[in-house]
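Participant: The hints should help you fit chain Z onto chain D, whose structure is shown.
Chain by chain, the residues run as shown.
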Amino acid sequence: MTDFISISNDVRHDAELWTGRVLRIGVWISASLMIGGLLFAALWPSSIIMVHSNPSLSDLFGHIVFGAFDPVTLMFAGLVFLMCTPILRVITVMVGFAIERDWRFVIVSTIVFLMLLGEILYSTSI
Amino acid sequence: MPIISFISLLLGGFIAGTFGALLGLGGGVLLIPFLVIILGVPMHQAIATSIIAVIATSSAGAAMNLERRTVHIRLGMLLEIATVTGAILGGITANYLSASVLTKLFSGLLFLVALVMIWRVRQHTGQEPIYTDGVLPGSFYDDANRKIVQYTVKKIPAALLVSIVAGNVSGLLGVGGGIFKVPAMHILSGIPMKAATATSNFMIGVTAAASAFIYFAHGHLNPFIASTTALGVLAGSMTGVRISRRIHGNVLTWIFALALLGISIQLYLR
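Protein chains in written order, with the working numbering: chain D, 1 to 126; chain Z, 127 to 396.
Rather than coming from a laboratory, the hints here were simulated on the basis of the structure. Check before you lean on any hint, since a few could be wrong.
[Said to hold, decoys possible] With beta-carbon atoms standing in for the labels, derived distance ranges: (1) D:Ala-98 - Z:Tyr-267: 34 to 42 Å; (2) D:Ala-42 - Z:Ile-256: 51 to 59 Å; (3) D:Trp-44 - Z:Gln-392: 37 to 45 Å; (4) Z:Ile-391 - D:Trp-103: 17 to 25 Å; (5) D:Ala-42 - Z:Gly-166: 21 to 29 Å; (6) Z:Ser-131 - D:Glu-100: 42 to 50 Å; (7) D:Trp-28 - Z:Thr-258: 35 to 43 Å; (8) Z:Ser-131 - D:Ala-98: 45 to 53 Å.
Since we're looking at a predicted model, the values are computed, not measured. Glycine included, every Cβ here is placed at the ideal spot set by N, Cα and C.
This is chain D alone, in the form it adopts within the complex:
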């Protein structure tokens, strides 16, 4: 077991550090968007455009791309970004396994990624 640990120790530690960093950045971006949305709503309540229940992912994406920002769009963008951080985590882990050439676990993480992707596609059809 000691051999196993020493062989890929550095590569594995790098992959773990990168995954940790990706998560940290993702959390800060989503928190910033949510804080921005809440501040926006508190300071300029009249600026709220999207007051209906949850928009579809494509509506939300359209609002962001075309710059139609209002407090609710910012909050939803922050929430959806936060919901995407676990998916980013799976992608980073998958890349880490590929760098280590551990193809068995590249397949395992690809299955998890495809299941999450399938679930997002299913939710867009609701």
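Facilitator: Quick look at chain Z alone, frame taken from chain D:
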């Protein structure tokens, strides 16, 4: 949103996040009763908010745990296949169940969680056995004992079965499911408690994400409630991870378990 609701949500999220990080849970077991009983938030909205909180706790905590190298990523990803399957089925099913049925189920879950927590405290007094004859070797540096702990994983099929149940409960009731995953990894698979807790924390975010998009699509995510709570949870979980080394875990767990028993009875009688 009135300022009093804003402060309540932020504070509720902070407390749930702190306790979640201290006890290795997602925080949903505390957050849902708080939202439903105290703030009168509808059950489906409370579950959707809790799922966001679980993702926040997991992402904030996993970043720290990965840097400390306590997460067993391979085991986590393997079990994730089972939990994501369970979570997707749970997320779909929950939207066809009434709020009262979900409340009763959640009350039962809290009761179970409290009992498991008490049992864990009573079990956690001796030296934990380390197995080296399994598969998927892992290691981490144990701060408390100042040594590298090396271990292997046993009985993966059994842990996969428990993970399906954990994922299903997570999708159905908006909790992390760590209360099932941690004992499964520790007792069935024989991995050390610290690694089990960190791996569970890493996993619960992925499991929660599996049902989050379904709740989002059904319109259960209130942006004001979810954003405010998530910010409170993020601050709470970071605080929880920092103070966890200075607090006596067993006393905290007893208080928390007894509080959960009380909340469980209150929810059931609603």
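Participant: Hint by hint, say whether it matches the structure.
Facilitator: The hints, checked one at a time:
no.	hint	in the structure
1	D:Ala-98 - Z:Tyr-267: 34 to 42 Å	violated, 26 Å
2	D:Ala-42 - Z:Ile-256: 51 to 59 Å	holds, 53 Å
3	D:Trp-44 - Z:Gln-392: 37 to 45 Å	holds, 40 Å
4	Z:Ile-391 - D:Trp-103: 17 to 25 Å	violated, 51 Å
5	D:Ala-42 - Z:Gly-166: 21 to 29 Å	holds, 22 Å
6	Z:Ser-131 - D:Glu-100: 42 to 50 Å	holds, 48 Å
7	D:Trp-28 - Z:Thr-258: 35 to 43 Å	holds, 39 Å
8	Z:Ser-131 - D:Ala-98: 45 to 53 Å	holds, 47 Å
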